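Undergrad: Given next are the chains, with one letter for each unit.
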Amino acid sequence: MFKEKYNAVYASEIADYLKKQLTGDNIEIHSFKDINNIEDNSVVCVLKQIHNIETLKWIDDNYNNILIITDIENKFSLIKNSYIFTQFAFQDFLKIIKFFFAEKEEIYSILSTETINKNAILDKNIFIGYNVIIGEDVIVGSETKIMHNTVIMGKVKIGNNCLIKSNTLIGSLGFVYNFENKNEFEVMPQLGGIEIKNNVLIGSNNSIEIGFIGNTLLEENVKIDDLVQIGSNAIIKRNTIIAAGSVICRNVIIGENCWIAPKVCIKENVLIGDNCIIGMGSVVINNIPDNSVVVGVPGKIIKSNKNIKD
Amino acid sequence: MNKNKNREVISEYLKTLIKDIENKFGIDSPEVLSLKKQYYYSELEENILEKETNKHYEADAQIIFKNKKIFNIERLYRRTLVIEITSVCASRCRWCLRANYKPIIMNNEEFDLIAEYCGSQENKDDLKEVLITGGDPLMLPDKLHYLIEAIINKAPNIKIIRIGSRLIFQDPKRIDSKLLYILRPRENIKFEIGTQVNSYLEITKDAELALKKLLSNNITIYNQSVLLKGVNDNLDFLIELYDKLRYLNIESHYLFHCVPLKGMQHHRTSVDKGLRLIKQLTSRGLFSGRSKPMFTLMTDIGKITLYENTIQARKDHFILLKSEYLYSERCKWNKNWKLPRNAIVNADGTMSVWYLDGCDD
Chain S
779 MFKEKYNAVY ASEIADYLKK QLTGDNIEIH SFKDINNIED NSVVCVLKQI
829 HNIETLKWID DNYNNILIIT DIENKFSLIK NSYIFTQFAF QDFLKIIKFF
879 FAEKEEIYSI LSTETINKNA ILDKNIFIGY NVIIGEDVIV GSETKIMHNT
929 VIMGKVKIGN NCLIKSNTLI GSLGFVYNFE NKNEFEVMPQ LGGIEIKNNV
979 LIGSNNSIEI GFIGNTLLEE NVKIDDLVQI GSNAIIKRNT IIAAGSVICR
1029 NVIIGENCWI APKVCIKENV LIGDNCIIGM GSVVINNIPD NSVVVGVPGK
1079 IIKSNKNIKD
Chain D
3 MNKNKNREVI SEYLKTLIKD IENKFGIDSP EVLSLKKQYY YSELEENILE
53 KETNKHYEAD AQIIFKNKKI FNIERLYRRT LVIEITSVCA SRCRWCLRAN
103 YKPIIMNNEE FDLIAEYCGS QENKDDLKEV LITGGDPLML PDKLHYLIEA
153 IINKAPNIKI IRIGSRLIFQ DPKRIDSKLL YILRPRENIK FEIGTQVNSY
203 LEITKDAELA LKKLLSNNIT IYNQSVLLKG VNDNLDFLIE LYDKLRYLNI
253 ESHYLFHCVP LKGMQHHRTS VDKGLRLIKQ LTSRGLFSGR SKPMFTLMTD
303 IGKITLYENT IQARKDHFIL LKSEYLYSER CKWNKNWKLP RNAIVNADGT
353 MSVWYLDGCD D
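Read top to bottom, the protein sequences are chains S and D. Quick note: the first sequence uses the working numbering, first residue 779, plus one each step. Quick note: the second sequence uses the working numbering, first residue 3, plus one each step.
So that you can see chain S by itself, here it is in the shape it has in the complex:
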């Protein structure tokens, strides 16, 4: 959670921070701005994929003292403004904002008191938004933030310093039936829970199902974007990132340091090794060994023994 911070710096300080070359005058920078809403004395980001050199000329014609962070190769000259060339312009722009113009917002409070079960264990320095429902077997670690409208039910243990965004359901009952009798689908028992370790991010509108026996497990530093479904007894290992809109079925195990792109579907009981990348929209139905890159429907391995540094 960040909030905007008033500050002012010189362009040279920003260049020093990025360890990049500043071209142009050492101007004063008072804020950061979006390219559609530029003000004088601000830092803006111009990306070659979206904009072009005309954009830079237009900025130079209309504004004063703008510091442009850009990945457009430096074959242009600015008169009234300065620029810093960097390969990763957008990331560096965000780094500048974080370092110079934003600060962490530390809010610790519990806004929904009536809907939290008295037996739930809540550690210190937590934030719980409005309309959050927390059941009696829930444990929440310190510094964790649970945003509005989230529901946490069942045997759920959440670690320290996690963030759970709005409208998420943790402790959903799994979609587990015995389909043998066609006339009456039989509900099977689910007696396990969910364990979420430290520093985990869970996006909004997620649904995480409890385990049949044992826990559905999200290990340290797992980051899950919005609109993700995670099935019963799934295990997501450390440092793995799951982008928006993915479906992880029951009993799936995903290894460490994996990157699951948006809209991926992973079939039940599939095992994905460490350091894998699953491309956008893939449907994974077979086990995937470590260090693989998988794309397509059904998912095919297009690269094995991927170097971790790639």
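Bear in mind the hints are in silico, worked out from the structure with no lab data behind them. Mixed in with the good hints, there may be bad ones.
Simulated restraints on C-beta separations [unchecked claim]:
id : chain 1 : residue 1 : chain 2 : residue 2 : range
1  : S       : Lys873    : D       : Thr312    : 20 to 26 Å
2  : D       : Glu52     : S       : Asn852    : 38 to 44 Å
3  : D       : Lys180    : S       : Tyr908    : 23 to 29 Å
4  : S       : Asn1064   : D       : Lys180    : 52 to 58 Å
5  : S       : Glu782    : D       : Asp318    : 53 to 59 Å
6  : S       : Lys873    : D       : Glu326    : 52 to 58 Å
7  : S       : Asp812    : D       : Glu52     : 56 to 62 Å
8  : D       : Asp318    : S       : Asn852    : 48 to 54 Å
9  : D       : Gly232    : S       : Asn840    : 27 to 33 Å
10 : S       : Lys873    : D       : Lys17     : 39 to 45 Å
Predicted model, so just to flag it, every value in this text is computed and none were measured. In this text, a Cβ means the ideal position worked out from N, Cα and C, and glycines have one as well.
Model the placement of chain D on the given structure of chain S, informed by the hints.
TA: Quick look at chain D alone, frame taken from chain S:
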């Protein structure tokens, strides 16, 4: 920065304000000019007189403390140390005293050193007050916070922290809750803000709101205006300005004569015109004496307020002004201080200084 020092820095707030006033009074009205002349570049700045200088005075203290040199501090007077923490401002005044200074932003280690220096054995008895200025210190809340905490912790002899800022009138939205928290009322230390309004049109609703927030924090706010040609060098504008300040509970402190720096000739009235205006202002019964400012000249040896017989002589556009500053004391407070070329030490030990007069059209 030096390459392009004529470049304007004008906040979005001031641009909008100037547009509003243009719509209300007309594009070339004196009301609009009283704001535009303060911030917009004019070709007249290229007219440089030979006698004009880059800096108004040399007071850089060049102190070496704990084997480290302390930069960006000045000392002219016994009680006060001046700390320039940054050269950044929300908008740049065209007559800025420090326009020709290097761009700087100080770091936390330097702040620690300054705070220790303030509380050190040699300064404990004399130094009672620091003036944090720049630039505009309120532009950098984090740095200001660090410096204030350092001074409070390491120099308990400091009783008043003064901050020089025009932020209230240049970008009032920056006076936010964080800044108010930094400047919250505390035991044993008092905050004062020295601001600068030159035209009554700068006192807008937004600025009033920001002022009220600061005043409700028990901060004393005082105003030091500069007499500028075409901005406030007429009686009606001055009366309007000082009346408004009084209603807002802001002390009127100095009315400065514009300093003779390079390219500022077109801003400067004559000293006589200033004297005439201040006489009319204070002695015609047009408004309350409670809000009278002191007409003061910023000379190379410090501020000199004009009283009877302060002006000793006139020669080729220069005026000889007698101060009550003692040469011996000045050297004691700032060991690196050297008598400027245009100053003389009188028989009684006081100093007099030659000051370049401005001219009226």
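Undergrad: Decide, hint by hint, whether the structure agrees.
TA: Here is how each hint holds up against the structure:
The given range of 20 to 26 Å is broken by Lys873 of chain S and Thr312 of chain D, whose C-beta atoms sit roughly 56 Å from each other. Under the hint 38 to 44 Å, the C-beta atoms of Glu52 of chain D and Asn852 of chain S, about 42 Å apart, fit the expected range. Between Lys180 of chain D and Tyr908 of chain S the Cβ separation comes to about 25 Å, which falls inside the hinted range of 23 to 29 Å. Taking the beta carbon of each, Asn1064 of chain S and Lys180 of chain D are about 55 Å apart, inside 52 to 58 Å as hinted.
Judged by the Cβ atoms, the range 53 to 59 Å given for Glu782 of chain S and Asp318 of chain D holds: they are separated by roughly 55 Å. For the hinted restraint 52 to 58 Å between Lys873 of chain S and Glu326 of chain D, the CB-CB distance of approximately 55 Å keeps it satisfied. Between Asp812 of chain S and Glu52 of chain D the beta carbon distance is about 48 Å. The supplied range of 56 to 62 Å is therefore violated. A hinted range of 48 to 54 Å holds for the C-beta pair Asp318 of chain D and Asn852 of chain S, which are about 53 Å apart.
Between Gly232 of chain D and Asn840 of chain S the Cβ separation comes to about 28 Å, which falls inside the hinted range of 27 to 33 Å. A beta carbon spacing of about 29 Å between Lys873 of chain S and Lys17 of chain D contradicts the range 39 to 45 Å that was offered as a hint.
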